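Enquirer: When you get a sec, could you build the whole thing from the sequences and use the hints?
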Amino acid sequence: MLVSSENYYAEDEPPLQQGDILLAPIGRIEKRTTDGSVGASRWNSSIEGRTAPLPVPAEIEKHNDFVPLQSAHGIHVVMVTMHDCHMVKEMERAYEKLRNQGATKKEAMAKAEADPNLDRFITVSPLIPTAHVVQSRDQVEAGKALGIFPVFDRSTSGVPEGAIDLGYQSTIDRHTIIARLAVLSEEARTALRYALARTFALRTPKIGFQLEHLIGQEIYDIRPDSTNQAVIVIELKNGSEMRFIVEPDPVDPEGLAHRV
Amino acid sequence: MSATLTRANKSSELLGGSAKALILRVLNTVPRRLGLNDLMRETEMSKSAVRAALQHLVEAGVIEADTKKLVAIAPGQEELVERIVALDDAPDSTPIYAAALQAIAEGRVRAGAPARVPRDLETAVAMFDALRREEMDEPGLVSGFAESEGEERTLSRGSFVPSGTRR
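Chains as they are written, first to last, in numbering that gives the first Met the number 0: chain Z, 0 to 259; chain S, 0 to 166.
To be clear, the hints were calculated from the coordinates, so they are not data collected in a lab.
Source: prediction; values computed, not measured.
There's no promise every hint is true.
[As the list claims (entries may be wrong)] Think about it this way: if two alpha-carbon atoms lie no more than 20 Å apart in a straight line, the pair counts; the simulated SDA-like pairs of lysine to any residue are:
#1 K96(Z) <-> K46(S)
#2 K88(Z) <-> P117(S)
#3 K96(Z) <-> N36(S)
#4 K105(Z) <-> A125(S)
#5 K88(Z) <-> K46(S)
#6 K46(S) <-> R32(S)
#7 K110(Z) <-> P117(S)
#8 K104(Z) <-> R32(S)
#9 K105(Z) <-> R32(S)
#10 K105(Z) <-> D119(S)
#11 K96(Z) <-> E121(S)
#12 K104(Z) <-> D128(S)
#13 K110(Z) <-> K46(S)
#14 K110(Z) <-> R32(S)
#15 K105(Z) <-> D128(S)
#16 K88(Z) <-> V124(S)
#17 K88(Z) <-> A109(Z)
#18 K110(Z) <-> R118(S)
#19 K104(Z) <-> K46(S)
#20 K110(Z) <-> M126(S)
[What the hints assert, rightly or not] Here chain S is said to cover these stretches of chain Z; the calculated rule only asks that three of the stretch's residues, wherever they fall, bring their Cβ under 8 Å from a Cβ of chain S:
#21 68-79
#22 132-145
#23 167-176
Positions of the beta carbon are idealized from the N, C-alpha and C atoms, including for glycine.
Expert: What follows is the structure in structure tokens.
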């Protein structure tokens, strides 16, 4: 799925959402290095910068096969990869509970949003500058490089050109976000979801997108007809339906004799 | 060899980042025996820039030039050249977020974490209510992710996202 610099960024400021480019902490767990440096990785670009030993229970540490651990962490330019749904799940439950207890809508909303412990964690991936991305820029922008997602330069916000390494998923506390640097357009967010699907779930999720493109409408649901299993109903976003009849196999005019 | 490497590093450090980049570009080119014009063409550098870079590399003992002004990597320095060229791939001393910090300092970017819902409570409540109504109309279809069976109702902002995003 192609994205371009023209339609990549949005100018409004919606709530925190998937695709947001942030300045935030990032980290991973790795084998401890002897000198405390960040361990070797596939990224030439510096992401973490610092390390800290990770203590483990003595029963594990004394085992001969135990590999000492360290966290590698730092501040980086990252992209939110978690879907918007998962950023308000706990808040939703709290809101419902407060409403059931008699709170007004505004009171329930204010209280739920103010609770710092609800929906604390989001997942982010780091931005790798173009100079350190192995794949050609053309391939990256064309969406042909699996596992990475293009980012276009937005120097006014401090976002350099590069690519998000979707294979590096870091869970961070949303309260540790230093700043939101940029917001993606809906087109770019769609492309991001496509890239995430290809990286983590399906290698060829494009069929659904192609079908929607051919129909010219967003597909809301696909189901068999409740009264006729030979009919497939495609429910569209605008409320209309398309019905497809599964044709039976053609009857062989020569019958069984032909197969003998 | 390490002393030579130190000299080469020191000379490039003294020159600053851009001169170091020029030296690296020359080093990437000289594995073949090349003349000044060849180097200028291949590195797209000016004559004076190439000469300056070559001078530092010759002083560092990394390359040598003959009477015909053809340059090549000095004998036994091949590994050194590889290591110096590899420096170009080493982490940059300037963090990637330096520009972001500058943008925050200059007020071009707002510091702090964005809220999960609109800051205006009325808008936020309207958003939640709209989502709940939609969810009741279309159970289990929010954002295209099938929700688990049961009493828990699904509320998300996914339905605020237009076409092609509900999967």
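Enquirer: Straight-line Cα separation of K105(Z) and R32(S) no greater than 20 Å?
Expert: Judged against 20 Å, a Cα distance of about 76 Å means the pair is violated.
Enquirer: Please work out if K105(Z) and D119(S) have their alpha carbons no farther apart than 20 Å.
Expert: holds, 10 Å
Enquirer: Holds or violated: K88(Z) and K46(S), Cα atoms, limit 20 Å.
Expert: violated, 63 Å
Enquirer: If you draw a straight line from the CA of K96(Z) to the CA of E121(S), is it 20 Å or shorter?
Expert: holds, 19 Å
Enquirer: K46(S) and R32(S): Cα distance at most 20 Å?
Expert: holds, 17 Å
Enquirer: For a C-alpha distance cap of 20 Å, please report whether K105(Z) and A125(S) respect it.
Expert: Between K105(Z) and A125(S) the Cα gap is close to 10 Å, so the pair holds against 20 Å.
Enquirer: Can the restraint linking K96(Z) and N36(S) be considered satisfied, given a maximum Cα separation of 20 Å?
Expert: Judged against 20 Å, a Cα distance of about 77 Å means the pair is violated.
Enquirer: Would the hint linking K88(Z) and A109(Z) be met if the CA-CA limit is 20 Å?
Expert: holds, 15 Å
Enquirer: Sort out whether K46(S) lies within 20 Å of K104(Z), counting only the CA atoms.
Expert: It is violated: about 73 Å lies between the C-alpha atoms, which goes past 20 Å.
Enquirer: Sort out whether P117(S) lies within 20 Å of K88(Z), counting only the CA atoms.
Expert: Judged against 20 Å, a Cα distance of about 16 Å means the pair holds.
Enquirer: Has the segment 68-79 of chain Z got at least three residues whose CB is nearer than 8 Å to a CB belonging to chain S?
Expert: It holds, with 3 qualifying residues against the three required.
Enquirer: Take a quick look at whether K88(Z) and V124(S) sit within 20 Å of each other, Cα to Cα.
Expert: holds, 15 Å
The structure shown violates the earlier hints numbered 1, 3, 5, 8, 9, 13, 14, 19, 22.
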